[in-house]
Structure formats: structure tokens, C-alpha cells
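If you read the protein sequences in the order shown, they are chains D and G.
For the first sequence, position 126 (counting from the first letter as 1) is numbered 126 according to the numbering used here, and the numbering increases by one without interruption.
Numbering-wise, the numbering used here comes out as the position in the second sequence, counting from 1, plus 1000.
Do not rely on the hints blindly, as some may be mistaken.
[Unchecked claim] Label-pair restraints from in silico Cβ distances:
#1 K95/D x K1113/G: 44 to 54 Å
#2 E1037/G x S112/D: 29 to 39 Å
#3 K1067/G x E115/D: 50 to 60 Å
#4 T76/D x A1216/G: 44 to 54 Å
#5 D1169/G x S118/D: 17 to 27 Å
#6 V1070/G x S118/D: 25 to 35 Å
#7 D1169/G x G38/D: 46 to 56 Å
#8 T104/D x K1067/G: 31 to 41 Å
#9 E115/D x E1040/G: 29 to 39 Å
#10 E1131/G x D131/D: 46 to 56 Å
[As the list claims (entries may be wrong)] Stretches of chain G that chain D covers, calculated by requiring three or more beta carbons in the stretch to come under 8 Å of a beta carbon on chain D:
#11 1044-1053
#12 1158-1164
No lab work stands behind these hints: they were computed from the structure.
Cβ coordinates follow ideal geometry from the N, Cα and C atoms, glycine included.
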Amino acid sequence: MTNTFNFELVSPEQKLISEEAYHVTIPGEEGDVGVRAGHMALVMSVRPGVVEVIRSEGGAKEKIFIAGGFADVSQTNCTILAEEAVPVSKLNHDKLTAELNHITENLSLSDSDLEKISLNRKLIVVSAMLDALKG
Amino acid sequence: MPSLKEYRTRITSVKSTRKITSAMKMVAASKLKRAQEAAESSQPYAKAMAGIVSRVAAGVHGDGGPKLLVGTGSSQRHLLVVCSSDRGLCGGFNGNLVRFARNEIRRLHAEGKQVEMICVGRKARDVLKREFSSLITDTITGLGTRGRLAFADALKVSDLILEKFNRGDFDVCSLVYNQFGSVLVQRPSTQQLIPFVVAANQNAAAGSAPYSFEPAEDVILAELLPKNISVQVFRALLDSAAGEQAARMTAMDNATRNAGDMIKNLTVKYNRARQAYITKELIEIISGAEAV
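Next comes chain D alone, as it looks inside the complex (with noise of 0.2 Å):
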């Protein structure tokens, strides 16, 4: 048996990834999972946060962002549903320090409710944006 697994990342408007990989973590809702050929078949929440994958034994690490989705993951294949991914090199302090006073003055503003559950929606993933780049 091979030592790799078939890994997909697709966002709604396009599939990012499709390639093979050794090890990837997710960042699930209840703690990071870490994934490598023959795994449990598993469906799982994932949280915003940082994807990291492992092309071959002992290569390098790819850090990329999602903005939270779900996992799917059987012994040969892993497909993580994302609903917006960037690689984390991709990702700018200071313009996202910038997004989210705004988003937070604008939270502050509005008063209907469906504004505010998609201005929530986009506070948690630049937040968590931001932790990404700490981490």
C-alpha cells in the first residue's frame, strides 16, 4: 500500500486542490485531526483555521487558511468542503487588522439582523485569520 492518500480542497465556486498528499491536519471543530493514508472513514466539522499538508514523507509543510467547512475523509481519499481558502503566506497583517476595525464599526452600526449574522459571519474568519499568522 502506498503511503498517500488522494487529498481534495474544493471551495463552492471552484475545486483548489486535487493532488496526493502523505499527512494533512485539520483543524476540526473539536481539535485537530491529523490524516494519513487508511485513516477511519470520518465525517467531521472544521473549524476557520489552518490546514496543513504534507506532500510526501519528510517534505515540506503547506500551510493553508479556511474559512471553517467539513471534512470527509475515508481510507483513501480526504475532501475538505471549504467555503474560502488562502494560503497563510498569501495573508497581510495589516490589511486584516484594518478588515476587522471595520467590520467591527460597522457590526456596531447596524441594526438588521441579517446584516449582522453575515458581519459576524465575516468577524470570526478574519479572525481567525489573524490567528493563523501568529501561529
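Dock chain G against chain D, hints included.
Then chain G, alone, in the frame of chain D:
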């Protein structure tokens, strides 16, 4: 009979119309290609999502499931989400959809159900409000930036649906949209969103492997179902957007061809009138000469 000058102006105006329609056709064709690509690239996510939902749903037994899955226990109040386009000039695209929606509303009324509507896109609202203005609760227009739909646009629609559902405004929610069959065929169709319908073949696939869930099934489900609704809405919007461009392309192609026919006819008439005019003048000259 119109004068020669009138014919000339009509020919020029039809010619410039033809130029516009043929340009619109080109634009629609390239937008169609982009819309189709977008619809295609959203497939993997929708498929994976459907797989997960049916797997999780298969693990939930009895009536204990969340309301989004099992329904409210009644089917009295319906919510229709009618997805049309914002712009016209796309043949029967919106007309067919509106007619379909109208029949659907009449059918539900005949069964004694209550109906509410959310209109997505300006065109459906403009027509439906004449007849059913009291049923339209919300209208969402101007989705997509520069013709490109993002998932966030679908979230706007699904958030509204979920908010209404949580308030207990309706029992059953269906999408009414134009399904993209091919460039020539867009089929108005409905799709039920709430309660969730597990497709038969997905059910069969679900039983194959024992899955574990983290967190527990019902917790995942409570998160998964709203997201699934967003995905379904997104897919319908993309389908509808591709259909709109396809319909516009066909309509503009027809218009261009019609303009060509019209120009041909007008040119024949113009030439005939010109000849008649020349003949008349000749006759006048000759008979004038003879009279001298």
C-alpha cells in the same frame, strides 16, 4: 406608399439595430462560456456536499432530526424562491419562468395552501407583483459583481430563507428557477429545499461504509443542512445565470437574422419604388414632349 427617403431611413435604422443585436449576441456568447465554466467548477463541491449530507442523514433515525431535515410536520405554508434575471432582452427566459411560477402558485392555492414568495432578480418581481403583490415578501436584486456570481451572493439568499424558517414563517421551501438544459433549452423547474429530500441513489450509497462523526451526527447535521441550502441556492443561481446568457444569445441571434430579412425586404421595396419613380418621370417627360 412611403417615399424613397423614408425607405432609406428605415433601412439604415434596421441596419444599426442589427449591429447592436449581433454585438449583444457576441457578448452573451462569451459570458455564457464563463457562466458555464463557473457552473461546472462548482460541481465538485456540490457533489461532495451531497455525499456528506446523505451519509449523515442516513445516520439520523426517527423524528428526532432537525426541522430542516424532517420538516415542521405540516405542509400548509409554502415559500417559493423565484430566481429570474435582472435584465431583459433574453427571449422567453423570464416569461417562461414567470408563467411556470404562476401555475405553481395557482396549483398550491387550489390545494388550499398559503404561498409566499421571495423574488430573486428584478424581472420576476416586475411581472409577478401585478398579480401577487401581497405574496412577495422580499426581493433580492443585483446579485453578482460584473456578471460573476460569488458564493457570498448565494449566502444572501439562503440567509434570508433560513431566517424566515427559524421565525416559523413557512413549512416548505422550494426554488423556482430555469434549469440549464442546453444552449437552446432552459427548463423552468422547482426544487424542494426544506425539508431536505434525500435522493434515492444517494441513500443506497450511504450504507456502504461505517462512518464516524465528529462532533455527533445531529450536531454536524445542524451545521450541514443550512450550508447545504446555500450550496443548492448557489447551484440554482449559477444554472440560471448560464441559462440567461444562453437565452439571450439565442434571442439575439434570431433578432440579427430577422433584421437581415427585414433589410432584404426593405431593399427590394426601395428598389422597386425607385424604379417606379424613374418610370414615372420618364413617362412625364415623354408625354410632355409629345404634347408639344
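Okay, the hints, checked on the actual structure:
no.	hint	in the structure
1	K95/D x K1113/G: 44 to 54 Å	50 Å, holds
2	E1037/G x S112/D: 29 to 39 Å	34 Å, holds
3	K1067/G x E115/D: 50 to 60 Å	24 Å, violated
4	T76/D x A1216/G: 44 to 54 Å	25 Å, violated
5	D1169/G x S118/D: 17 to 27 Å	19 Å, holds
6	V1070/G x S118/D: 25 to 35 Å	27 Å, holds
7	D1169/G x G38/D: 46 to 56 Å	48 Å, holds
8	T104/D x K1067/G: 31 to 41 Å	33 Å, holds
9	E115/D x E1040/G: 29 to 39 Å	32 Å, holds
10	E1131/G x D131/D: 46 to 56 Å	52 Å, holds
11	1044-1053	holds (count 7)
12	1158-1164	holds (count 3)
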